[in-house]
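Student: These are the residues of each chain, in order.
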Amino acid sequence: MLARALEAEGIATTSISMVREHTEKTKPPRALFVPFPFGHALGRPSDPDLQHRVLRAALDLLTEPAGPVLRDFPDDAEPGVEPPAPAQASGIAPAAAVPDDPALETAQMRQYHEQWLTRSGGRTAFGLSGVPATRFRGVVRFLQAFAAGEDSDVEERPADLPLVNFIRYCADDWKALYFEGRLAMKPRVTGDDVARWFWGETAAGQVLRRVRDRLDASEDPRWKAAAFGVAR
Amino acid sequence: MPRLDRLPQLNRNNLLMLPVQVNDTAPFTRLVTPLAAARLAIVTTAGLHRRGDRPFGPGEQTYRVIPSDAPTRDLIQSHTSLGFDRVPMMRDPNICFPVDRLRELIARGELGGTGPHHYSFMGAQRDLKRIQEETGPEVGRRLRDEGVDVALITPT
Chain A
149 MLARALEAEG
159 IATTSISMVR
169 EHTEKTKPPR
179 ALFVPFPFGH
189 ALGRPSDPDL
199 QHRVLRAALD
209 LLTEPAGPVL
219 RDFPDDAEPG
229 VEPPAPAQAS
239 GIAPAAAVPD
249 DPALETAQMR
259 QYHEQWLTRS
269 GGRTAFGLSG
279 VPATRFRGVV
289 RFLQAFAAGE
299 DSDVEERPAD
309 LPLVNFIRYC
319 ADDWKALYFE
329 GRLAMKPRVT
339 GDDVARWFWG
349 ETAAGQVLRR
359 VRDRLDASED
369 PRWKAAAFGV
379 AR
Chain B
1050 MPRLDRLPQL
1060 NRNNLLMLPV
1070 QVNDTAPFTR
1080 LVTPLAAARL
1090 AIVTTAGLHR
1100 RGDRPFGPGE
1110 QTYRVIPSDA
1120 PTRDLIQSHT
1130 SLGFDRVPMM
1140 RDPNICFPVD
1150 RLRELIARGE
1160 LGGTGPHHYS
1170 FMGAQRDLKR
1180 IQEETGPEVG
1190 RRLRDEGVDV
1200 ALITPT
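Respectively, the protein sequence lines represent chains A and B. Residues are numbered in this note's numbering as their position in the first sequence, beginning at 1, plus a constant of 148. Residues are numbered in this note's numbering as their position in the second sequence, beginning at 1, plus a constant of 1049.
Hint data in this document are derived by calculation from the structure and do not stem from the laboratory. None of these values were measured; they are calculated from a predicted model. Don't take each hint at face value.
[What the hints assert, rightly or not] Some, not all, of what chain A presents toward chain B, calculated at C-beta under 8 Å:
1) Thr162
2) His188
3) Pro193
4) Leu198
5) Leu203
6) Ala205
7) Ala241
8) Arg267
9) Gly269
10) Tyr317
11) Ala332
12) Met333
13) Gly339
14) Ala365
15) Glu367
16) Pro369
[As the list claims (entries may be wrong)] Quick look at which bits of chain B chain A covers, simulated, 3 or more residues with Cβ under 8 Å:
17) 1071 to 1078
18) 1098 to 1106
19) 1111 to 1117
20) 1135 to 1142
21) 1170 to 1183
22) 1187 to 1194
Each residue gets a CB set at the ideal place from its N, CA and C atoms; glycine is no exception.
Work out the full structure: start from the sequences and follow the hints.
Tutor: Here it is in structure tokens:
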């Protein structure tokens, strides 16, 4: 779609495709279908050789004389260890004993997140809500109150940002803090491991399940859509 | 390997429900400049942007401009769908925004260079009308004005 719009303006494009069935229908001018799990467009993180092979295969399509052309990246390059799509909350049973103090747990995870920031050189997925990690305790209280059916707000929410969008950013930041903290704690875990730990064993995961439930119970389609983004 | 038949049913159904445009042909611009002399820009649907930029909202069909020399620590992703694993991106942004790989290609003389900017849209869109008619062509014109020959389009 996007490729078609750019191409019509005189820009040659080559696309990486994750869903072959969709690409067969939309027919971008040149597309490379990659057999990788969602979130792995160029293969594997920190594997420059595989990333270069994917990039090269995508760029090679530019020599094709005509299109649309859809080529498959060879199957034997599959990363293999990750499932094709991440585990979801609905498929993960909470552990028998889950910590019940999200604020304390968040304070502990923040220490691991500090380690993550040191190792990543400051790169982080945290920051969509605009509330700094040092004041995130207020966001945790806000999400707990929302999950319990209370109406509350956070003073950092921009006046022009709808509450439901802000809730989503807060939930995303909370996940980012935990996911990256977990990666600092256990550098070798897979994304699937981290998702199973978050939804199964953390207090934060259980609060976000309840945030999802309240959003999903609304008649407002924007709230329902946000619920699908918080947990599913 | 997100082949539909290997996906959990929840994901498969979600994908099958996405309205997809059906086309028979595609507009096709030949790349006349050899790659070793061509300028490339990434156009990603990963919902990436600079940290100070306004995050994408759901269904937003606008785009964000990312200077091609921006360090990856200055970028953040507001496409946070649970449909894909975010851990690879946390570990290595090159997984969908391969700026380091492009620098290596340029250093090896296999690619001419990059344009001054990369561009980013929100992914997992249902309604694409405005991208098709307005914001997509606008990015195409900007790329042309910036002397870019090739766009590499990457998803999450």
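Student: Run every hint past the structure and note whether it holds.
Tutor: Checked hints:
A cut of 8 Å between beta carbons decides the hint on A:Thr162: the least distance to chain B is about 6 Å, and the hint holds. Restraint check, A:His188 versus chain B: the minimum CB separation of about 5 Å is within 8 Å; hint holds. At a threshold of 8 Å, the smallest CB-CB gap from A:Pro193 to chain B is about 4 Å, leaving the interface hint in force. Hint status for A:Leu198: violated, given a least beta-carbon distance of 10 Å to chain B, over 8 Å.
Interface hint at A:Leu203: satisfied, since its Cβ lies 5 Å from the closest Cβ of chain B, which is below the 8 Å cut-off. Hint status for A:Ala205: violated, given a least beta-carbon distance of 12 Å to chain B, over 8 Å. The restraint placing A:Ala241 at the interface with chain B is violated, with a minimum CB-CB distance near 16 Å, outside the 8 Å limit. A least Cβ separation of about 10 Å between A:Arg267 and chain B goes past the 8 Å threshold, and the interface hint is therefore violated.
Below 8 Å, beta-carbon pairs count as interface contacts, and A:Gly269 has one with chain B at about 6 Å; its hint therefore holds. Satisfaction of the interface hint for A:Tyr317 is found here, the shortest Cβ-Cβ separation to chain B being roughly 6 Å, below the 8 Å cut-off. Of the supplied interface hints, the one on A:Ala332 is violated, with its beta-carbon coming no nearer than about 11 Å to a beta-carbon of chain B, more than 8 Å. The criterion of a C-beta within 8 Å of any C-beta in chain B is not met by A:Met333, whose closest approach is roughly 13 Å, and the hint is violated.
Nearest Cβ of chain B to the Cβ of A:Gly339: about 3 Å, under the 8 Å cut. The hint holds. About 19 Å separates the beta-carbon of A:Ala365 from the nearest beta-carbon of chain B, more than 8 Å, and the hint is not met. The interface hint given for A:Glu367 is violated, since its Cβ lies 17 Å from the closest Cβ of chain B, which is over the 8 Å cut-off. Annotation: interface hint on A:Pro369 violated; nearest CB of chain B at approximately 10 Å, more than 8 Å.
Counting residues of the segment 1071 to 1078 of chain B whose C-beta sits closer than 8 Å to any C-beta of chain A gives 8, which meets the bar of three, so the coverage hint holds. Given as covered by chain A, the segment 1098 to 1106 of chain B passes the check, having 3 residues with a CB less than 8 Å from a CB of that chain where 3 are the minimum. Taking a C-beta to C-beta cut-off of 8 Å, the segment 1111 to 1117 of chain B contributes 0 residues in contact with chain A, too few for the three needed, and the coverage statement is violated. Residues of the segment 1135 to 1142 of chain B lying with their CB closer than 8 Å to a CB of chain A number 8, which satisfies the three-residue condition for coverage.
Proximity of the segment 1170 to 1183 of chain B to chain A, defined as three or more residues with a beta carbon under 8 Å from a beta carbon of that chain, is established by the 4 residues found. Proximity of the segment 1187 to 1194 of chain B to chain A, defined as three or more residues with a beta carbon under 8 Å from a beta carbon of that chain, is established by the 5 residues found.
Hints 4, 6, 7, 8, 11, 12, 14, 15, 16 and 19 from the earlier list are contradicted by this structure; the remaining hints agree with it.
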